[in-house]
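Residue numbers (the numbering used here), protein chains in the order written: chain P, 327 to 459; chain X, 7 to 308; chain L, -8 to 115.
Bear in mind the hints are in silico, worked out from the structure with no lab data behind them. Check the hints yourself; a few may be wrong.
Away from chain L, derived, C-beta distances all over 10 Å, residues of chain P [as the list claims (entries may be wrong)]:
1) R332
2) G356
3) E371
4) Q405
5) P407
6) I416
7) V446
If you want a taste of the chain P side facing chain X, the calculated C-beta under 10 Å gives, among others [to be verified]:
8) S350
9) Q354
10) L355
11) T360
12) N396
13) R435
14) L458
15) P459
Backbone N, C-alpha and C define an ideal beta-carbon position, used for all residues, glycine too.
So the chains spell out like this:
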Amino acid sequence: MENDIRVPIASDADIVIARQQGRSLAEQLGFSSTDQTIIATAISEVARNIIKFAKRGEIVLSHIARNPTNGIMVVARDQGPGIRDIHLAIQDGYTTGKGLGMGLPGCKRLMDEMEIKSVVGKGTQVTMKKWLP
Amino acid sequence: MAKSNKDLENGGFPNTPRGETTASLLRELVAHLRQNRTQLRQEWARRITEAKLLTAMSQDEIFAEATAVYDNYVEALETGTFEALQGYARQLSERIIPRGVETHEVVGIVLLLRDVLARSLFAKYQHDFALLNRILDAYEPAANRIANTVAVGFVQERERTIRQQQEAIRELSTPVLQVRERLLILPIIGVIDPQRSRQLTEQLLRGIRTNRAKVVVIDITGVAAMDSNVANGLVQTVEASRLLGATVIVTGLSPEIAQTLVTIGVDLTKMNTVGDLQGGIEEAERLLGYKVVPLLEPAQTA
Amino acid sequence: MEVPILKQGDYLIATFQAALSDEDLLQLQDALVARVGKFRSRGVIVDVTALDVMDSFAARTLRALAHMVRLRGAETVIVGIQPEVAFAMVQLGLTLEGVATALDLEEALALMNRRTKGMRIRGK
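Based on the sequences and whatever the hints tell you, model everything.
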């Protein structure tokens, strides 16, 4: 549990592996069954983005702590084309149905914190965190 | 370090060459622990009682658990793998937490075992200080890891139990009522923060599954304030319920709240709303009754 | 990973396993559409009780499936979405709009029977 779990993402089968690992770590950390599903779902979405836009990348899962609680951190990184307009990417299209089709606003709702770093032509890194209540 | 030709035979073990591996030292150690299992366990149980730990348990219980921990401990040392130990630590925690055993007790007894075993090693290898040092070099990291595994396992189990209890308390304060077959009513009263909203949704969904409800009436007459968070929570609850095959009727929507919802961007035409709870129940029964009686009524589409 | 497809009279019942890859989902989609044509089925029931995560791809695939099946004159019902999965889905914004849902197989069959008898109940 002290070590990060790295899941290389190169095929759609890896999406399943990544989310299963995520669920497993979440369970170990004590997340409720619902939260485990939520975390697994968010991982599935960002892993899919990697395949869709960058063809390959990796997902790193780790245990994080912030007094007095613990949480899980999911980092999805790739060296793909990058996101031109991050602001647009995370715009909540919940009621309007708009958005870039990356599922990022949804992930933001699922997880507690989300941060996106992207450079066009270089790659993208999405960091998501969820804390135990 | 002692010269290799000074290594003496000790307690029947053959000379160990200077290049002996950690693995062979651990093997020697494990053999010693197995040989002296009876007295070491007893010594440990004695010291547990002396330190006034595990007072919630009887002597027999302490000895029984001590035996299980001891055997798992030795096995972890032997195999170098900790899955079995983790599994045991979890089960042990599940057993003793309801008995009121506290974290400091669990940490205390594991450290005592460590001390008891270390002292027995001192006694055994007192004539060969160099070998003792090497044995301890092999023993200590493993023993620390074991202490850690058990303590952390206990703490995690404890935290999980506390969370479950908190969840249960929250659930008790929000009843999902089954008033007719296949019909649930969820009266929402008071302040709805995001956490409560989520808990209500989860509870309702579980209720739908358990009661195989086909219609749910959510009454928001008693909701203290309607803002975008509450509104979104409500919309999500309605949508999630539909995914479980249930129809949701929202009642208690005052004109003001309806206005607020529209302003927020909620599409009220997609939501089934009725003025008051009584009306909502009647509508629900109509829906349920309608499904049972095949009529000549014209086909209805959404 | 093969998904078992059962034929029960006029209906086809496909039961998902827990860990289906994108590839598996697409194969299932093809298989169901083909069988609906072959057997002239009137309904397709997709049992997702064992599905632990429904993400945007799975939701899109199911909606596409329902659409294709409808073009062949049959209705689709998704059954067994777990409470936690439903919760995560709506947070993500997946509503399976346009696809009928039911709690379990029994409900789905009842729904199918009603529909194929020509009576429409709050069709979604």
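Taking the closest Cβ pair, is P:N396 under 10 Å from chain X?
-> holds (9 Å)
Should the hint that P:R435 touches chain X count as held when the rule is a Cβ pair under 10 Å?
-> holds (9 Å)
Just double-check P:P407 for me: nearest Cβ-Cβ distance to chain L has to come out over 10 Å.
-> holds (20 Å)
P:G356 non-interfacial with respect to chain L [C-beta, more than 10 Å] = Per Cβ check, P:G356 is outside 10 Å of chain L; nearest 16 Å; holds.
Grab the minimum C-beta distance from P:L355 to chain X and call the hint holds if it beats 10 Å, violated otherwise.
-> Holds, about 8 Å.
Interface hint outcome for P:S350 [beta carbon to chain X under 10 Å] = Given a least distance of 13 Å, the restraint on P:S350 is violated.
Identify whether the interface hint at P:L458 stands, where standing means a beta carbon of chain X within less than 10 Å of its own.
-> holds (8 Å)
Hey, does the P:P459 contact hint survive, CB to chain X under 10 Å?
-> holds (7 Å)
Closest CB of chain L to the CB of P:Q405 still more than 10 Å away | Given that every Cβ of chain L is farther than 10 Å from that of P:Q405, nearest at about 22 Å, it holds.
May I ask you to check that P:R332 keeps its beta-carbon over 10 Å from the closest beta-carbon of chain L?
-> Holds, because the least Cβ-Cβ distance between P:R332 and chain L comes to about 20 Å, which exceeds 10 Å.
Looking at P:V446 again, its CB stays over 10 Å from all of chain L?
-> holds (24 Å)
Chain X contact restraint on P:T360 - CB to CB distance below 10 Å = holds (6 Å)
This entry does not satisfy hints 3, 8, going by the numbered hints stated previously.
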